[in-house]
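Chains as they are written, first to last, in the numbering used here: chain Y, 1 to 225; chain V, 1 to 233.
The set of hints was computed from the structure by calculation and includes no laboratory data.
Certain hints may be false.
Using 30 Å as the maximum straight-line C-alpha spacing, the simulated BS3-like pairs for lysine-lysine come out as follows [to be verified]:
#1 64/Y / 172/V
#2 44/Y / 157/Y
#3 77/Y / 52/Y
#4 77/Y / 149/Y
#5 172/V / 52/Y
#6 216/V / 202/V
#7 184/V / 64/Y
#8 44/Y / 64/Y
#9 52/Y / 184/V
#10 52/Y / 143/Y
#11 216/V / 172/V
#12 143/Y / 44/Y
#13 77/Y / 172/V
#14 64/Y / 157/Y
#15 143/Y / 202/V
These numbers come from a predicted model, not from an experiment.
Here are the chains, one letter per residue:
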Amino acid sequence: MSQTLQDFYTTASSRGFSRDFQIRVESIFINGESLPSDYLNYVKTVSLPSRKVEINTITYNTVKVPVSTGISDFGNKDNYQISFWADQALEFRDWFYDRAEATDTPGTPMFPNTLGSNLIQISVLDDMLNPVYGCQLEGVTIKEVSDIKYTKEGTGKPQEFSVTFAYYRVSPYTSKATDVNSNPGGFLGAIQDLTSGIKTVTQGVNAVRGLATAARGASNAIRGR
Amino acid sequence: MTLDIPNFLPLINSREYSIPIEANFAVTIENLFEPNSGILDKLGNVEEIISPSKPFVGVLNSDFWNDLPNSLTKAGIFFANSVTVPGESSSTARVGMAQVNNLFGGLLSAPILKGRADAANLDISFIETNMSFVDSVMRPWSIATSQFGLFAREPTSWQNFKTNVSINYLNKRAYSDEDYSIRKRITFFDAAPVSVEGYTSKYGATGANVQTRTSKTSWVYSTYAIEYPAFVE
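One chain only, chain V, in its complex shape:
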């Protein structure tokens, strides 16, 4: 086994082991823009249900969002500019000799596993644009999720507000003639937004008052998968 630099340098310059840029990612949400069966059209259908007496959240017609250039919707939701991918953990304990005043009689107790921790929510932040994606799509979507729950409905059911969300991590540069290749993709299945962060706006000429703003949303999901499309043919 060698630890020499001449062997190390080619490794970090190789396709497989070069060090990526974490900012190179794009979020894609399945079944969002599709006409009739897409989330946007479903939200339009249930607008009166989720805000019955006095509409307090306006759901934009999907036609508006369909005006987004195809290249943008295919390349991902450009509003989504920050994600927090949850980790994975299990809780453990030790059993064996009873502990008395921190003394174990010289014997170690044995580790046991108490179970895998529940999956933490996925966080995605969206940048505020003139036509607010957060307030006109994510906010009513989270209300619809709350209203109709997470029952196992047909994907095309107008009451189904679950979909698949993918975080696509990109190579620094393409290894093909096409565009950036996806070095890693994490897909969260049956995902639905369950919270939209509030925000403060106030008069002021400096700092956060005049800067771009992002709003965090939290998503619940059933399970997730990780693929490596660039490396697995």
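Extracted from the complex, chain Y is given alone in its bound form:
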């Protein structure tokens, strides 16, 4: 396919662009317990995990040849960070704080690195806020719950904290969440209603414009142009 400006527009209109806010942490299970879903609303920053392959270089005569050693791993797997806004009573932070403390208890389902019960499930959303891509981190352990600095000279901005996790592997994940189309309501539902309303109006305007063009064409035909 060529790469003209027209092609760019065609691709852009069909494939769109993933935007930096179109992500949702669907759930976090640590040591057999699930993070209460309302806590997830306070997720501020999260990233999709990376993938890394170790490369060694061997030299053949004078030529350096990069060779994959075959060690394919997940980058940052012992340093994966999610940041949150802090609620007033710091209950969200406390939830992680308690789980971090519990990792000191081996030999029970509380023990970390349990594939089935220690998960972080993430969805990437499209423009309609429907999940279009998902992955889950398995064998998650809490590595650090960050400190929060308070100062009497502060400007009053909301406090934030971050939690650093380690995980064992990444696997595909399909969100079971109902998409916003079939479950309108709340803030997202309102945006959805507004968007479809605008779309309806736009379609109406386009239809009128189409009629006008047709009438102009007919008029031109009558005049013999």
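Keeping the supplied structure of chain Y fixed, place chain V upon it in accordance with the hints.
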């Protein structure tokens, strides 16, 4: 003879000549878990002999180790996470014109071989787990080896503590539908542990005090063999 890169690249991407990962290995110890005739059960039989007056090493019942999932015991001793395979060497000298003040009269002396060096011990390190394999199996096993020696006994003799140990080196990926294929296997015959390394534990919140620990063991053996199961049908 060509030294061109287009010929070289397919070679290192081929099944035979690709570059392996040294960490892809699994240690297997023959006749360890077998009921009645296995090393673990033999150790249980001789516990009173190797520590007669006051038991100072506890030998765990083999039933405990038999609880390990079959897939793990078949795939190798997962505790064994480091090996040092001994090399091979011979000593040489030169004979001929007598050396006088580093002068040989312009003549070179001739090389002679003074014999093959003794086989060095095989070293295997084991990671410490809650139920310590090193202290509950390797330690009493090395004592039993010392007690009963390396005589040529029947393999099933309860006094025989020699067995075969294999280091299986694996392909990066399987070339069959099954699991990883073994590209190279080094088997040490009539192997028995003769030393278990000591270790230090101390209070502390950082470094080795709170990290995983491995203990090195040394094994004596009679001879060894190297096979290439993945390539020889």
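Hints and how they fare:
1. A distance of roughly 22 Å separates the Cα atoms of residue 64/Y and residue 172/V; the hinted pair therefore holds under the 30 Å criterion.
2. Restraint check: the Cα-Cα separation between residue 44/Y and residue 157/Y comes to about 14 Å, which is no more than 30 Å; the hinted pair holds.
3. At roughly 10 Å between alpha-carbon atoms, residue 77/Y and residue 52/Y fall within 30 Å of each other, so this suggested pair holds.
4. At roughly 27 Å between alpha-carbon atoms, residue 77/Y and residue 149/Y fall within 30 Å of each other, so this suggested pair holds.
5. Distance restraint check for residue 172/V and residue 52/Y: the Cα-Cα separation of roughly 16 Å lies within the 30 Å cut-off, and the hinted pair is therefore satisfied.
6. For the hint linking residue 216/V to residue 202/V, the alpha-carbon distance of about 19 Å falls within 30 Å, and the restraint holds.
7. Proposed proximity of residue 184/V and residue 64/Y is supported: the alpha carbons are some 27 Å apart, at most 30 Å.
8. With a C-alpha separation of about 44 Å, the suggested pairing of residue 44/Y with residue 64/Y is violated against the 30 Å cut-off.
9. Straight-line distance between C-alpha atoms of residue 52/Y and residue 184/V comes to about 27 Å, which keeps the hinted pair within the 30 Å bound.
10. As the CA atoms of residue 52/Y and residue 143/Y are separated by approximately 21 Å, the hinted pair is consistent with the 30 Å bound.
11. Of the pairs offered as hints, the one joining residue 216/V and residue 172/V holds, with about 26 Å between alpha carbons and a cut-off of 30 Å not exceeded.
12. Only pairs whose Cα atoms come within 30 Å are accepted, and residue 143/Y paired with residue 44/Y is accepted, the gap being roughly 19 Å.
13. Under the criterion of a C-alpha separation no larger than 30 Å, the hint pairing residue 77/Y with residue 172/V is consistent with the structure, at around 22 Å.
14. A threshold of 30 Å between alpha carbons decides the hint, and for residue 64/Y with residue 157/Y the separation of about 53 Å lies outside it, so the pair is violated.
15. As the CA atoms of residue 143/Y and residue 202/V are separated by approximately 24 Å, the hinted pair is consistent with the 30 Å bound.
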